[in-house]
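Once you've looked at the hints, dock chains B and C with the ligand against the given chain A.
Residue numbers (numbering that gives the first Met the number 0), protein chains in the order written: chain A, 0 to 329; chain B, 0 to 374; chain C, 0 to 97.
Please keep in mind that the hints were generated in silico from the structure rather than gathered at the bench. Glycine included, C-beta positions come from ideal geometry on N, C-alpha and C. Incorrect hints may appear among the rest.
[As the list claims (entries may be wrong)] Over 10 angstroms on every C-beta distance to chain B, these chain C residues come out as not near it, computed from the model:
#1 3
#2 9
#3 10
#4 11
#5 12
#6 13
#7 16
#8 36
#9 40
#10 41
#11 42
#12 43
[Unchecked claim] Derived lysine-lysine pairs resembling PhoX-like cross-links, with alpha carbons at most 25 angstroms apart:
#13 52/A <-> 107/B
#14 36/C <-> 249/B
#15 107/B <-> 128/A
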Amino acid sequence: MAHGAGGKASRKLVEGLFIPLLAPQPSQLLGDAAQVQINGAPLAITTDSFVVKPLRFPGGSIGELAVNGTMNDLAVSGARGEALTVTFVLEEGLPTELLEAEVRAMAAAADRAGVAVVAGDTKVVEHGKADKMYITTTGIGEPLPGVKIDARSVRPGDKVILSGPIGDHGITILLARGDLDFEADLRSDTRCVLALVEAMAKEAAPGIRWMRDPTRGGVATSLNELARDCGLSIHVLEQELPVRDEVRGACELLGLDPLHIANEGQFLAVVAPEYADAALNALTLAEGGEDARIIGDVREQPAGAVLVITGYGASRIVDMLVGDPLPRIC
Amino acid sequence: MRFVDEFRDPEIITKAAAEVHRLVDPGRHYRFMEVCGGHTHAIYRFGLKDLLPENIELIHGPGCPVCVLPMGRIDDGLSLCQDSNVIFTAFGDMMRVPGTHGSPLEHKARGADVRIVYSPSDALNLARANPDRHVMFFAIGFETTAPSTALTLLRARVEGIKNFSVFCNHVTIIPAIRAILDSPDMRLDAFIGPGHVSTVIGCRPYEWICRNENKPIVVSGFEPLDMLQSIVMILRQLNAGEAKVENQYKRVVPWEGNRAALRAMAEVFQLRPYFEWRGLGFISQSALRIRDEFAEWDAEQRFQVPGVRVTDPRAAQCGEVLKGVLKPHQCKLFGRECTPEHPIGALMVSTEGSCAAYHSYEHRKQLLTNIQTAA
Amino acid sequence: MCLAIPGKIIELVAGNPNLGTVDVVGVRRKVDLGLLKDEMPKPGDWVLIHVGFAMSKISEEDAQEQMRTLAMLGEADQAMQEVRGYGMDDADGHEKPN
Ligand code: SF4
Numbered sequence: 000m001a002h003g004a005g006g007k008a009s010r011k012l013v014e015g016l017f018i019p020l021l022a023p024q025p026s027q028l029l030g031d032a033a034q035v036q037i038n039g040a041p042l043a044i045t046t047d048s049f050v051v052k053p054l055r056f057p058g059g060s061i062g063e064l065a066v067n068g069t070m071n072d073l074a075v076s077g078a079r080g081e082a083l084t085v086t087f088v089l090e091e092g093l094p095t096e097l098l099e100a101e102v103r104a105m106a107a108a109a110d111r112a113g114v115a116v117v118a119g120d121t122k123v124v125e126h127g128k129a130d131k132m133y134i135t136t137t138g139i140g141e142p143l144p145g146v147k148i149d150a151r152s153v154r155p156g157d158k159v160i161l162s163g164p165i166g167d168h169g170i171t172i173l174l175a176r177g178d179l180d181f182e183a184d185l186r187s188d189t190r191c192v193l194a195l196v197e198a199m200a201k202e203a204a205p206g207i208r209w210m211r212d213p214t215r216g217g218v219a220t221s222l223n224e225l226a227r228d229c230g231l232s233i234h235v236l237e238q239e240l241p242v243r244d245e246v247r248g249a250c251e252l253l254g255l256d257p258l259h260i261a262n263e264g265q266f267l268a269v270v271a272p273e274y275a276d277a278a279l280n281a282l283t284l285a286e287g288g289e290d291a292r293i294i295g296d297v298r299e300q301p302a303g304a305v306l307v308i309t310g311y312g313a314s315r316i317v318d319m320l321v322g323d324p325l326p327r328i329c
Numbered sequence: 000m001r002f003v004d005e006f007r008d009p010e011i012i013t014k015a016a017a018e019v020h021r022l023v024d025p026g027r028h029y030r031f032m033e034v035c036g037g038h039t040h041a042i043y044r045f046g047l048k049d050l051l052p053e054n055i056e057l058i059h060g061p062g063c064p065v066c067v068l069p070m071g072r073i074d075d076g077l078s079l080c081q082d083s084n085v086i087f088t089a090f091g092d093m094m095r096v097p098g099t100h101g102s103p104l105e106h107k108a109r110g111a112d113v114r115i116v117y118s119p120s121d122a123l124n125l126a127r128a129n130p131d132r133h134v135m136f137f138a139i140g141f142e143t144t145a146p147s148t149a150l151t152l153l154r155a156r157v158e159g160i161k162n163f164s165v166f167c168n169h170v171t172i173i174p175a176i177r178a179i180l181d182s183p184d185m186r187l188d189a190f191i192g193p194g195h196v197s198t199v200i201g202c203r204p205y206e207w208i209c210r211n212e213n214k215p216i217v218v219s220g221f222e223p224l225d226m227l228q229s230i231v232m233i234l235r236q237l238n239a240g241e242a243k244v245e246n247q248y249k250r251v252v253p254w255e256g257n258r259a260a261l262r263a264m265a266e267v268f269q270l271r272p273y274f275e276w277r278g279l280g281f282i283s284q285s286a287l288r289i290r291d292e293f294a295e296w297d298a299e300q301r302f303q304v305p306g307v308r309v310t311d312p313r314a315a316q317c318g319e320v321l322k323g324v325l326k327p328h329q330c331k332l333f334g335r336e337c338t339p340e341h342p343i344g345a346l347m348v349s350t351e352g353s354c355a356a357y358h359s360y361e362h363r364k365q366l367l368t369n370i371q372t373a374a
Numbered sequence: 000m001c002l003a004i005p006g007k008i009i010e011l012v013a014g015n016p017n018l019g020t021v022d023v024v025g026v027r028r029k030v031d032l033g034l035l036k037d038e039m040p041k042p043g044d045w046v047l048i049h050v051g052f053a054m055s056k057i058s059e060e061d062a063q064e065q066m067r068t069l070a071m072l073g074e075a076d077q078a079m080q081e082v083r084g085y086g087m088d089d090a091d092g093h094e095k096p097n
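This is chain A alone, in the form it adopts within the complex (with noise of 0.2 angstroms):
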């Protein structure tokens, strides 16, 4: 199995395997979360899986990484999550202060985003048949007022929108491993976006036609996804897209594209261009979004692809990340 690092592979599963099997007449198409209705009233479930090496690292940890996650699943797929359920898969062995830093962890990031924890569960598996601690969430989440999220709603003329600084949770993933030898000063970027969904929502609802968190597989993951799931293709601008210095070097020394690297605390959103300023306006003003961009735009073709437009005006096509991010020196 090489279906870990997000992008094409894990594509293939999901829709190869667990859809046909699972949900053979799926309501809709795959988005972050899934929309039910109980007694008439409309849900948002979703549910993630959390497992990072190493288990703190700066900027978070694997705890803080769960609640966030499941969050942001939910808040990109327009609802505001309301509580969450979380799963423990610890390995034998594993030191109690380990596992009380994590849910301390947990609770704090839960209480950050405004969401209760209601129920849990705990495995513990021999020693060795796992990395130390595996955690699942699962949220339930009430859908913000006036808000759709359905890639076939997308236009070409739509505008795409990116909260913040691409990479920093990959990069600094990948040098807190050590292997590397790297430094900098770098966080991850993990964080619950639903404070800036809502202020976004607040002023353009009407106008948000899709969004995503660009986690594994990074911006142009997600981004292939959308030009496939709406038909069209999605210009980005390069010189638009945020990325920090060092998320830049490392990416220029290890001969990595920012694109195709983690987030944790960003989503992408296509809205409406009536609507574009309204949402970078709210964006920018809500704490954490000061850095929010509109990065590019939907044109018709070429169709199911993504296109990077260069500063003078060359273009590529950014392809989805086929396996993990390896570090290349040719």
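Showing chains B and C with the ligand alone in chain A's frame:
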């Protein structure tokens, strides 16, 4: 100066591109080979084809160390990681390259201890940190990378680190260029010379190309402005009827190369009488082996390697693509049996490989614009 | 065929004459300077880094000169246009295709 952004300045790029357009003879078709895979990657990455006149054709050369490595060498190297005491280390570039029984990553998934290193010195550090294990470094690369391996081996000898070895696949660029020029179906007007290799070997070794073949060669940097300036320099030579070696990448490449690096290489390596290149066949004196004085650190001398030769799948046309005779999409397998997810040849794996570069950056763009113009 | 990146030496590592710490826009790593031992770089120098080794010293002077040459490409072009504007041929007497 940061030595990067300055050379990506959109305004100057536009000017330089205009200069290229001004210098070309519209009635002539130009074929320039960029020897180095790093240039191939830069051409796609920066969308440089969009800036060039249509009658300048860039031919991708053999300078991608992963691409030219025959599958047998990969199998040989991987055979050593069957031993559970061995830590197999290699650059990230190698990790997805298919061997007969899968890539290094697939061996790792099956339980072998396979690790990515950024530097040969990191592999040596791993040996220091794991005195009970044997750390083998699967070395690839042209003359840019070989000195680093050499220095690492010298350090291992000085410190007497015995649980470390190198499986040496270092190759040299000049014989490969010679092989390309000898190929009868090749017509080229000029070369864009490999910038980083030249930091080591300097510019002199290219002089024979100009003398014997009467073709200009401009040693070039890798930023968009470097490459455009190199093309300007080539066109000026061609327009003036000249054929000489020029150094566009002066800020980095000394004309005489790096003597300390060459000394380290000479101390540790010697030329192999011949070496097999994927697609190009056996080329004499085209690769390096570890000298007998360093036999203890030479994985090939220290362990039993099977020494296998594996022929590429018959329909694969990696050789023709490597020589620049075929464009990637003209290979029968391109985009069908052979894709970045399921690569058959290494050219589809390495980001420097012309097939991978073409597939991810250009192929769909072309395909889609074709559809667009047809519609 | 070889990814190599400019970095600035910020310090030499005490106790190991072959190591220096370089900075690449905020990312730091110790690199081996052994291949430059004929002309050891000092803190503040820029070097080209490949697989954790400094391969060559970068010359700011040459880079500046390159930038000047590049800037002149356009100027020469402009001058040419002006000359054409006066209905004159290029210096070599041929009308260049435009
Ligand atoms: S498409 Fe695949 S098989 Fe064909 S030349 Fe490229 S790498 Fe080789």
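task = Could you let me know if the closest chain B CB is still more than 10 angstroms away from the CB of residue 9/C?
result = 14 angstroms, holds
task = Sort out whether residue 128/A lies within 25 angstroms of residue 107/B, counting only the CA atoms.
result = 17 angstroms, holds
task = Just double-check residue 40/C for me: nearest Cβ-Cβ distance to chain B has to come out over 10 angstroms.
result = 12 angstroms, holds
message = Beyond 10 angstroms on every Cβ pair: is that true for residue 12/C relative to chain B?
response = 13 angstroms, holds
ask   = Would residue 36/C pass as off the interface with chain B, using Cβ distances and a cut of 10 angstroms?
value = Its Cβ does come within 10 angstroms of chain B, the nearest being 5 angstroms, so this is violated.
Non-interface claim for residue 10/C versus chain B (Cβ beyond 10 angstroms) = 18 angstroms, holds
key: Hint consistency between residue 36/C and residue 249/B [alpha-carbon to alpha-carbon, up to 25 angstroms]   = OK: residue 36/C and residue 249/B at ~20 angstroms, within 25 angstroms.
query = Given the proposed pairing of residue 52/A with residue 107/B, does the C-alpha separation stay at or below 25 angstroms?
reply = 17 angstroms, holds
Exclusion check [residue 42/C not at the chain B interface, CB over 10 angstroms] = Holds, because the least Cβ-Cβ distance between residue 42/C and chain B comes to about 17 angstroms, which exceeds 10 angstroms.
key: Outside-interface status for residue 3/C - nearest CB in chain B farther than 10 angstroms   = 5 angstroms, violated
task = Please confirm whether residue 43/C is truly not at the interface, meaning its C-beta sits more than 10 angstroms away from all C-beta atoms of chain B.
result = Answer for residue 43/C: holds, closest chain B Cβ roughly 12 angstroms.
key: Whether residue 41/C stays farther than 10 angstroms from all C-beta atoms of chain B, as the label says   = 16 angstroms, holds
Hint check: violations occur at hints 1, 8; the rest are consistent with the structure.
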